[in-house]
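S.K.: Okay, here's what each chain looks like letter by letter:
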Amino acid sequence: MPGAVFLRGDRVSLHTIEEEDLGLLNENVNDPRVRRPLTNASATTMAETEAFYENVVCDDDGVNLLICVHDGDDAVDGDAKRGDGDPVPVGDVALFDVDERTRSAEIAIAVHPEYWSNGYGTAASRLLVAYAFDERNLHRLQARVMATNDASRRIWETLGFTHEGRVREDQFDGGEYRDTHYFGLLEREWRAREG
Amino acid sequence: MTGAVFLRGDRVTLRTVERDDVDFVHAEKNKPEVHRSFVWPYPETRDDVEEYLLEGDGTKLLVWAADANGDPERVGQVGLGVEDERTRHGGLGVWIAEPYWGEGYGTEACERLVAYAFAERNLHRVTARVVEGNEGSKRIWETLGFEHEGVHRDAEFVNGAYRDVHVYGVLESEWRERDED
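Listed in order, the protein sequences are those of chains A and B. The letter at position 195 of the first sequence is residue 175 when you use our numbering, and the numbering goes up by one with no holes. The letter at position 174 of the second sequence is residue 369 when you use our numbering, and the numbering goes up by one with no holes.
Worth flagging that the hints you see were computed from the coordinates, not collected in a lab. Just so you know, even glycine gets a beta-carbon here, dropped at the ideal spot from N, CA and C. Check before you lean on any hint, since a few could be wrong.
[Claimed, not checked] Residues from chain B that face chain A, not an exhaustive set, calculated with beta carbons under 8 Å: (1) Glu280; (2) Thr282; (3) Thr322; (4) Arg348; (5) Asn354.
[Claimed, not checked] Reference excerpt, derived from the structure (chain A facing chain B, CB under 10 Å, subset only): (6) Arg15; (7) Thr19; (8) Ser22; (9) Arg120; (10) Gln122; (11) His143.
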């Protein structure tokens, strides 16, 4: 049973992260399909994930939430159909580097590969973007995407982020230097869109 | 005590940071025109400055130039931070005390520091960020051949308004080509 619901959408809900969820997060952060697009080349032990939970998730100005899909959703396959009525955790989404002075923050997301291509990442990100502007009173959100990560890029484009530049060769993956795309969204743009 | 020469340019020398530099940095870096130029709107005590200079991260060097009599004097400071050893990516920072603006000291000091980053530290790219309105800094990176790689809209707040942040970068291959010209 996931933690308390914090943000609720039609297809996904965002819950507080609890200790029993750390296994999924640790699996995600080590899975090459997830960590490589997130530019993480280090092995992360469960002890490190527990420390991250203590130091960042529980004790930081940012927000880390567990993405859950509603049980019985036809688009979910495999283990997700547990039939017990509980929401099924599929990944996590985070608001971090919150700068209170400039009212800016960065957003990032990791969905377990088993649940890719269902739009869960976009749905979860939309909830967190709305929260950032509507509740946290932020002025600007930033997202970074490695040039090879088309799926992530689509999330930010779908949510109305503007492409703000391409930092050349600041990442390395698959034996090559890779560019990073920067995306930004301002509060007034979000309101014009949602209003 | 004068720091040891670490990098040498035609008009400036980049010297190691010493305890005797603390007063200069404390006095000059707090001034509104300087702290606004790199957007650090927090007053720093002498102790803060001492800790940052002598114990902080990254490679910090004092910029010295010749005064009217030809004697060396402090004019500013540069810093190089390696953001990621794996991707060999570094970031640059510079400030020059206000009386010495417009002399080209910042450009020459940064030119030496970039050359060092590639020739000695084996970096693959270096990044510099400039807040809209800081024409002096923009000119440094443009003069040194950095590419303008993006504009992060409203990412800073200076002088009562949100300001764009410009991102500049140069790759080791570009720097080598430039050095060969």
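S.K.: Now tell me if each hint is right for this structure.
M.R.: To see whether the hints hold, each was checked on the structure:
no., hint, verdict
1, Glu280, "violated (11 Å)"
2, Thr282, "holds (5 Å)"
3, Thr322, "holds (7 Å)"
4, Arg348, "holds (5 Å)"
5, Asn354, "violated (13 Å)"
6, Arg15, "violated (13 Å)"
7, Thr19, "holds (8 Å)"
8, Ser22, "holds (9 Å)"
9, Arg120, "holds (5 Å)"
10, Gln122, "holds (7 Å)"
11, His143, "holds (9 Å)"
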